[in-house]
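S.K.: Using the sequences plus the hints, can you model the full thing?
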Amino acid sequence: MNDTLTSCTKACSGDDKAGCVIKCFEPTSKDYYSCLAKEAKIDNFDSKKAIECGNSCKQSDLSELFNCDYKCNESLYKKLTGDNLEVKNDKNSTDSSSSTTKPNSASKASLTKLGAGLVVVSSVLSLL
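Numbering (UniProt numbering), first residue to last: 1 to 128.
Treat the hints as calculated values from the structure; they're not laboratory data.
Just to be clear, a hint being listed does not mean it is correct.
[Claimed, not checked] Derived CB-CB ranges, DEER-like:
id, residue 1, residue 2, range
1, Glu-39, Ala-11, 27 to 35 Å
2, Ile-42, Leu-62, 23 to 31 Å
3, Ser-13, Gly-82, 40 to 48 Å
4, Lys-78, Asp-31, 19 to 27 Å
5, Ser-13, Ser-75, 18 to 26 Å
6, Gly-14, Lys-58, 16 to 24 Å
7, Lys-38, Asp-61, 15 to 23 Å
Here the structure is a predicted model, which means the values were calculated and not measured.
All C-beta atoms, glycine included, are put in the ideal place defined by N, C-alpha and C.
M.R.: Printed below as a string of structure tokens:
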């Protein structure tokens, strides 16, 4: 966490501590979703809508929370984990047979879980 986020969350107290913490995460969440959308080559992704939807996920079970977030951003996650996703090989690689590779199902699952990670953390913090 950066210093601004840390100081913001430490300043949260009282009856609306959860709401305050969520507001502290909004700039980071917006940057996060913008980065994911850029990687997925989605020009018109609405980060604000993604954040609002993710913040509405209040399930107490981690699996259910993940499923809720996935539904909020299904188009983004599908684009990130789709068969058309290409991962660039290391530029220093001596293998010149291909400049890109397709991710396997394990890496697709990892990308999907990574994509939901920030919203899960925000939602868990909101339960505090």
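S.K.: Now, for every hint given, state plainly whether the structure supports it.
M.R.: Here is what the structure says about each hint:
Between Glu-39 and Ala-11, the C-beta spacing of about 32 Å keeps the proposed range 27 to 35 Å intact. Against the hinted window of 23 to 31 Å, the Cβ-Cβ separation of Ile-42 and Leu-62 comes to about 26 Å, which satisfies the hint. A C-beta distance of roughly 43 Å is found between Ser-13 and Gly-82, which places it inside the suggested range of 40 to 48 Å. A beta carbon spacing of about 22 Å between Lys-78 and Asp-31 agrees with the range 19 to 27 Å that was offered as a hint.
For the pair Ser-13 and Ser-75, the beta carbons lie near 37 Å from each other, so the given range of 18 to 26 Å is not met. Separation of Gly-14 from Lys-58 is about 20 Å and conforms to the stated range, judged on CB atoms against 16 to 24 Å. A hinted range of 15 to 23 Å for the beta carbons of Lys-38 and Asp-61 is inconsistent with their spacing of about 31 Å.
Checked against the numbered hints listed earlier, the structure breaks hints 5 and 7; every other hint is satisfied.
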